[in-house]
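Colleague: These protein sequence lines are chains G and F, in that order. Quick note: the first sequence uses this note's numbering, first residue 1, plus one each step. Quick note: the second sequence uses this note's numbering, first residue 1001, plus one each step.
Hints are computed from structural coordinates only; laboratory data are not their basis. It is possible that some hints are incorrect.
As the list claims (entries may be wrong) - Coverage of chain F stretches by chain G, computed from C-beta distances (three or more under 8 angstroms per stretch; other residues unrestricted):
1. 1232-1242
2. 1276-1286
3. 1292-1302
4. 1305-1317
5. 1360-1367
C-beta: ideal position from N, C-alpha, C; glycine also.
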Amino acid sequence: MNAFSYARPRALAEALRMLRNGAIALAGGTDLVGLMKDGLARPASLVDLTGIEGLRGWSHGKGRGLRIGALTPLVELETSDALAKTMPILRESLRDAATVQLRTMGTVGGNLLQRNRCWYFRDEGTVCWLKGGSRCFAIDGENRYHAIIGAQECVIVSPSDLVPALLAYDAEIALTSSRGTRQMKLADLFVAPHGRERREHALRPGELITEVRVPEAALARRGTYLKAMDRKAWSFALVSVAAAAKIERGVARDVRLIMGGVAPVPWRVSAAEKALEGTTLDDAACADAADRVLAGATPLRDNGYKVTLARELVRRALRSLVA
Amino acid sequence: MDELAEKMGVDPLTLRRKHAGSPKDPMSGKKYSDKHLLECYRIGAAEIGWQRRRSGGIRGSAPHRRRGIGMATQIWGGGGGPPAYATVHVNPDGTVVLTAGTQDIGTGTRTVIAQVCADELGVDLDAIQVRIGDTDHPYGPISAGSVTTASMGPAVRIAARDAKEQLLGAAAGVLETPKAELRLEGGVIVSKGARTPLGEILSKVENNTVIGKGARHPNDPELSQRTFGAHFAEVEVDVRTGEITVEHIVAVHDIGRVVNPTTARSQVEGGVLQALGFALSEERFVDRATGRVMNANLENYKVPTVKDVPAKITVKFVDRPDRRANNLGIKGLGEPPIIPTAAAIANAVANATGARVRHAPLTRARVLEALAIAEARS
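Excised from the complex, chain G in its bound form (with noise of 0.2 angstroms):
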């Protein structure tokens, strides 16, 4: 690891001041310290966030929607039984990420811009495409973790268990700088790495995500989180799922179906959700949306199991929500 500053200030002015001149963003460190060790982050200084008062815990102001300071651990969106009554696929989607100890120091707003987990990307000694080199390794490497659909020069996956399960819920973000502050959806933030855009999230230099933001219409949803793992436990996604509609006598509206672990950004597509729309989400919908949501998938040489899982995937889910 390379010698750095560290700064813990107690006001947000301040930290967003050291973001300015170049510092890091530091708050769980689940992600960023990995990366530090390996080779792979060489930050001069770190801004240590935890200092900073208000950024940490949730509300729900009836009718104004569900607010999450992104400096609330994981564990605390799992482990509310309030919230599991506001919104059961935060506990759903957080239950099966990495583990307790991680979900206990990682931050809501870390784990959104969590980078990939591709193994040529994680190793030091290997200079991808994604990190300026002049290809990919996983397309002809091994590859089969990677993604399936929706990726160009670069075949890495989306990896929070969280992402899906917000996007399903439309949520929006807040972010500020010492420019000022803007807010965005949530899909938004993430990039498919392309031509010069090699990076994954679309957050602008000295910018800080504050919270996260649901609105009150769709925490009327009903909504699920689906994760196929390796092992029953600690293991990122092979293919994720989370959907939510709201159901009216049987019949679904406002459906939401994204899918993480299958292209480099929380995959959505709106013609599989608009086909879902007003139908009972019976096998024939529910198949035909598997479809369309993977219509052009390319899978590697060692991931076409992940096409198998992700239908079925895509079937459980949305039949759950009429179940």
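Got chain G; can you put chain F on it based on the hints?
Modeller: Leaving out everything else, chain F in the frame of chain G:
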């Protein structure tokens, strides 16, 4: 074996039973020192409920889940042998120091050799201090090849007997009683109507530390010393996602006399769990172009977690001393528990689904591929 049985239309356990009873080692043509493999099958089949097994599997807990039962056999060495040495010092205060160059890497060697020493010598286990893990000590075998207990145990017994004979000889002189009328029990010399603590005897002899020495005796070259065992697995398979859940493992072994039931059971449970990773998730990925190992870490080299552990692991032993193997009738249990587990699980998966996976580990990718092949065939 299961595929052969299936082609013949015979129950796979029946096929094995027909051929597993031979008292002769087909590799060497020698007779086994002892063999209770059929007894392992009998116990295992009863514990797993083999009679519930149906060709083509049985219904699982949901429509898309199938249940299956499978088994596999292990035949392994584990007879141990020379060279292995031990010394037993009996101190004037009646305490005992057992010294050997062997090691305890978590298999329970320390406990087991102390038990052998205490039992043979006639002192309490508490009185024994075990000194191992030092190459300055009398030579002991490496902790490998399932040889430690069956090599060290007999040497320790001989050393303890040597020390005991010396002690009884000294006691005979001090107590003016024929040696044949004396016993050593719980650290006390017992003669007709009298009990004399060991320390009292030793304080009256000039050379008051007694040193017993033992060397492992050779094995009978006319016999084949082997361990036998069978593992039975019950699994549930999600036939649409390829997920395998191991519900129950029954492990039955014939290792001669069981010296310590707790450490023996623990060794079997550990072997089963290690083999669970071998069966289901542990795999090394090497980049074919560069030779780099892509998953030299605990993130992607997937050892089983607590959630992967079967709901039930049943461990049984035949527990009959193999009197022709060595002076204790014991055999090793290092590797036997890891040998048949993966095969038993793969056979159970094949029974549940009709899908035969021939490569470990049985990942989602391999299981889904095998299921697709099985479905295309039917």
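Colleague: It remains to establish, for every hint, whether it holds in the given structure.
Modeller: A quick look at each hint next to the structure:
1. Look at the stretch 1232-1242 of chain F against chain G: 3 of its residues bring a Cβ nearer than 8 angstroms to a Cβ of that chain, three or more, so the hint holds.
2. Residue count for the stretch 1276-1286 of chain F with a Cβ under 8 angstroms from a Cβ of chain G: 4. That meets the three needed, and the coverage hint holds.
3. Given as covered by chain G, the stretch 1292-1302 of chain F passes the check, having 6 residues with a CB less than 8 angstroms from a CB of that chain where 3 are the minimum.
4. Residue count for the stretch 1305-1317 of chain F with a Cβ under 8 angstroms from a Cβ of chain G: 4. That meets the three needed, and the coverage hint holds.
5. Figure legend: the stretch 1360-1367 of chain F, annotated as covered by chain G; annotation consistent (3 residues with Cβ-Cβ distances under 8 angstroms, at least 3 required).
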